[in-house]
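All residue numbers for the sequence shown refer to UniProt numbering, where the first residue is 1 and numbers rise by one.
Calculated from the structure, these hints are not laboratory results. Watch out, some of these pointers could steer you wrong.
What the hints assert, rightly or not - The calculated label-pair distances, taken between Cβ atoms and stated as ranges, are:
#	residue 1	residue 2	range
1	I84	N21	22 to 30 Å
2	A477	E536	22 to 30 Å
3	A477	R511	20 to 28 Å
4	S176	G112	28 to 36 Å
5	K370	T171	51 to 59 Å
A virtual CB, placed ideally from N, CA and C, is assigned to each residue, including glycine.
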Amino acid sequence: MPTISVTQQHLFTCLKRNYSNEELDKLLFDFGLELDGIESNEEGELVYKIDVPSNRHDFQSAEGLAQALLVFQQKLNTPKFQSISDRDDYYITVEPQNLNVRPYIFGAILKGIKFTPESFASFINFQEKLHHNICRNRSIVAIGTHDLDTIKPPFTYTGKLPNDIEFIPLTETNKSFRADKLLEHYTSHKQLKAYVPLLKNSKYYPIVKDSNDVICSLPPIINSYHSRITLGTQNIFIDVTCVDKQKGKIVLQQLVAAFSIYTNPKYQIHTVQTKISDGKGGYIVPKQCNFADTYMTVSIDYLKMVSGINNLKASDCCKLLNRMMLSATTTSDSDNIILINIPINRSDIHSCCDVAEDLCIAYGYNNICKKKYPSGKSSPQSISKNELRKLMSLCQYKEVMMPILTAQKFEFGISNTSPVTLLNSNVQGIDIARTTLIPGLLKALNSAKRFPLPLRIFEIGDICLKNDASDVGVVNATRLAAAVTDSQTAGFEEIHGVLECAMNAMGFASRYQLDEFKMHNKLVPLSLTKVFDLKETSIPCFLDKRCVKVVKFEDGGEVEIGVMGVVHPNVLKEFDLTTPVSLLEIVL
Numbered sequence: 001m002p003t004i005s006v007t008q009q010h011l012f013t014c015l016k017r018n019y020s021n022e023e024l025d026k027l028l029f030d031f032g033l034e035l036d037g038i039e040s041n042e043e044g045e046l047v048y049k050i051d052v053p054s055n056r057h058d059f060q061s062a063e064g065l066a067q068a069l070l071v072f073q074q075k076l077n078t079p080k081f082q083s084i085s086d087r088d089d090y091y092i093t094v095e096p097q098n099l100n101v102r103p104y105i106f107g108a109i110l111k112g113i114k115f116t117p118e119s120f121a122s123f124i125n126f127q128e129k130l131h132h133n134i135c136r137n138r139s140i141v142a143i144g145t146h147d148l149d150t151i152k153p154p155f156t157y158t159g160k161l162p163n164d165i166e167f168i169p170l171t172e173t174n175k176s177f178r179a180d181k182l183l184e185h186y187t188s189h190k191q192l193k194a195y196v197p198l199l200k201n202s203k204y205y206p207i208v209k210d211s212n213d214v215i216c217s218l219p220p221i222i223n224s225y226h227s228r229i230t231l232g233t234q235n236i237f238i239d240v241t242c243v244d245k246q247k248g249k250i251v252l253q254q255l256v257a258a259f260s261i262y263t264n265p266k267y268q269i270h271t272v273q274t275k276i277s278d279g280k281g282g283y284i285v286p287k288q289c290n291f292a293d294t295y296m297t298v299s300i301d302y303l304k305m306v307s308g309i310n311n312l313k314a315s316d317c318c319k320l321l322n323r324m325m326l327s328a329t330t331t332s333d334s335d336n337i338i339l340i341n342i343p344i345n346r347s348d349i350h351s352c353c354d355v356a357e358d359l360c361i362a363y364g365y366n367n368i369c370k371k372k373y374p375s376g377k378s379s380p381q382s383i384s385k386n387e388l389r390k391l392m393s394l395c396q397y398k399e400v401m402m403p404i405l406t407a408q409k410f411e412f413g414i415s416n417t418s419p420v421t422l423l424n425s426n427v428q429g430i431d432i433a434r435t436t437l438i439p440g441l442l443k444a445l446n447s448a449k450r451f452p453l454p455l456r457i458f459e460i461g462d463i464c465l466k467n468d469a470s471d472v473g474v475v476n477a478t479r480l481a482a483a484v485t486d487s488q489t490a491g492f493e494e495i496h497g498v499l500e501c502a503m504n505a506m507g508f509a510s511r512y513q514l515d516e517f518k519m520h521n522k523l524v525p526l527s528l529t530k531v532f533d534l535k536e537t538s539i540p541c542f543l544d545k546r547c548v549k550v551v552k553f554e555d556g557g558e559v560e561i562g563v564m565g566v567v568h569p570n571v572l573k574e575f576d577l578t579t580p581v582s583l584l585e586i587v588l
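Between the sequences and the hints, there should be enough to build the whole structure, so can you do that?
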């Protein structure tokens, strides 16, 4: 969670009143924030350390935070940002041929600004906060801010060879650098050395220049001294270069939204169009960075369900959301639907659940009626699987857990189901989701060859089966598989005994068990309510005459629920096993 540092004086100026430390702490807490600490800077001013959510980029400046708090206290209406397109020369021509390193750019202009030392420092600090967080240390997005009165639009964004770029960087006053020499110079700079690798190995370096070929910036490294922002700057040109268009737009919107409170008129933003050269004298005009509100409709029933506030009416929701800078109105179509206006500084609003979160904050989490929900517990399926695990352990079998992704060549016709195949697998030889647990057990036995015989292992896990009725076309099914290997015997009798134990635990009695109960005039245990039997079958991975299928009797018919047998020597050879293996697999 990012922490912002803001001086007491500047924050109180933005909030238009003074607060005691306790009052500010309570206001921030009610708003879902936390006052992390209070310190003093070198000038002896009190500095508040405030923890803010990482998705609320507007809170990373005192201006944006103060706007939100004033609206929350109903002392300010939600700002209405106004886009102005009043100059034909406010555009950026993009020459994309040499811009592979940072292909996108957006721009905007703020006019009539009057900075104070505090607001000027906040303007610089906000850019640094954005660079550190959403911009990922300028690797995704870089911001350039320029004094519009020192440069002449329109602007050009292009790529040039480092030897062809020369300008005075912001860190100097009268010394000009060639771009490649400038990067060498910055390799030892305390702040800028971290950004040098973003550009150093590029053949072409991106630059922003004005119509007089005056270089404004070398993104993402440094702006020029010529177009530097000062305390006396009144008109600002902002360029945002990026590798991710969506994040670039968010950064530009956040910056202009926070500092358009200082423009004249207030909240007025001059748009800068982007024109991409097609190399033939023409231009492609892409979708611009928009400063208008976006809209979303939300169901009152959904908000009630998510928030747990059951006494909400549409009018109540609108009042609460208005306090969170989300202008909400009822619709004429339904009393259950409200229309939300989302301003440009609320880039964190993506879906209805984000609206529900803001509703809870405005309502007050402490005001939401507490409701005790039943505690969770294991499902019957989980209980049954755990009981089977205990049973297998008592039978001296050790559990293994094998990956659900495997290679089709190891299926050996065990399953007659077409597997789910992987597209563009990153691991060579892994191309399907398993349809049986048997190959995994054989791999496990191969890995355990160094241990003394006999080896007894089992797995209870999921397989993937295609199913058109599922919304994703696939369902998971749970299986139990067990294997035993020994140098003295094939182990078929032992695996047969394990099968009978497992089936009894699941409430099944075998046909011959029922015959024995009847022969000895014994009552069938009440826990055995179902019947299974073994039927001879033929499966390629098992030896002939040493393979059976497990069937249960249901609705007068037979349903196959598993297989059991002695593994064929050819299959054992594929897994580099030299001792006989018997195994089983049943449906759970």
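Checked hints:
1. I84 / N21: 22 to 30 Å: Given range 22 to 30 Å: violated, Cβ gap about 41 Å.
2. A477 / E536: 22 to 30 Å: Roughly 25 Å apart at Cβ, these two residues keep to the hinted range, so it holds.
3. A477 / R511: 20 to 28 Å: This hint holds: roughly 25 Å between Cβ atoms.
4. S176 / G112: 28 to 36 Å: Holds - the Cβ-Cβ distance for S176 and G112, about 32 Å, lies within 28 to 36 Å.
5. K370 / T171: 51 to 59 Å: holds (57 Å)
Of the hints listed earlier, the one the structure fails to meet is number 1.
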